[in-house]
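According to numbering that gives the first Met the number 0, the sequence shown holds residues 0 to 154 in order.
Any given hint could be a false lead.
[Said to hold, decoys possible] Cβ pair distances, simulated, as ranges:
id: 1; residue 1: Leu43; residue 2: Ala109; range: 28 to 34 Å
id: 2; residue 1: Leu138; residue 2: Ala58; range: 19 to 25 Å
id: 3; residue 1: Ala90; residue 2: Val28; range: 17 to 23 Å
id: 4; residue 1: Asp21; residue 2: Met86; range: 29 to 35 Å
id: 5; residue 1: Val129; residue 2: Ala152; range: 20 to 26 Å
id: 6; residue 1: Ala94; residue 2: Val122; range: 20 to 26 Å
[Claimed, not checked] With a straight-line Cα cutoff of 27 Å, these simulated BS3-like cross-link-like pairs (lysine-lysine) come out:
id: 7; residue 1: Lys84; residue 2: Lys104
id: 8; residue 1: Lys104; residue 2: Lys72
id: 9; residue 1: Lys84; residue 2: Lys72
Calculated from the structure, these hints are not laboratory results. By construction, the Cβ of each residue, glycine as well, lies at the ideal position given by its N, Cα and C atoms.
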Amino acid sequence: MQCTTLGRMLWVMNAPQSPPLDLNRDAIVLLVDRFYASVRADALLGPVFEPLLQGRWDAHLARMVDFWCTACKLQRNFRGNVYDKHMALPAIRLAHLLRWLRLWKQHTEALFAPQDAARLWRVALGVARVMHLGWFGELPRPEALQAQVEREADA
């Protein structure tokens, strides 16, 4: 990892809290930066993504901003197949998906007003359900997946 990238990750993760953000592209940029800094630093998720994206994180983050803006119906800039890319990830377990969701929830709740955080949660939960179906052969109910995330957070 380059020194500048590490410095950016540390700043993003520890930046001071401000009033809730409006749900727009600029806010999604900040959310994506903070969320993926946490993913990269996470003992469970970091080893999955870092080897695949090493040296390409900036381009990936820009694509993820486009993805989340499109998924939240803020803009329509994303083109690609997120599902196939994620199905190719090696050795994904339920614990990975639950941690990803927990980190997403933490960051959205920290940055956004409750109604916007809830909207972002619903979108992420929808994405996670489809990934769950692909990885594990079952489409969980949203409330069941949310309960699993809450249990993972308590563990």
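Here is what the structure says about each hint:
Distance hint check for leucine 43 and alanine 109: the Cβ-Cβ separation is about 20 Å, which falls outside the suggested range of 28 to 34 Å. Distance hint check: the CB atoms of leucine 138 and alanine 58 are about 31 Å apart, inconsistent with the given range 19 to 25 Å. Distance hint check for alanine 90 and valine 28: the Cβ-Cβ separation is about 30 Å, which falls outside the suggested range of 17 to 23 Å. Hint check: aspartate 21 to methionine 86, Cβ distance near 34 Å, so the stated range 29 to 35 Å holds.
For valine 129 paired with alanine 152, a C-beta distance near 22 Å keeps the hint of 20 to 26 Å intact. In this structure the supplied range 20 to 26 Å holds for alanine 94 paired with valine 122, their Cβ-Cβ distance being about 22 Å. At most 27 Å may separate the alpha-carbon atoms for a hinted pair to count; lysine 84 and lysine 104 meet this at roughly 22 Å. In summary, the hint linking lysine 104 to lysine 72 is supported, as the alpha carbons are separated by about 19 Å, within the 27 Å threshold.
Under the criterion of a C-alpha separation no larger than 27 Å, the hint pairing lysine 84 with lysine 72 is consistent with the structure, at around 21 Å.
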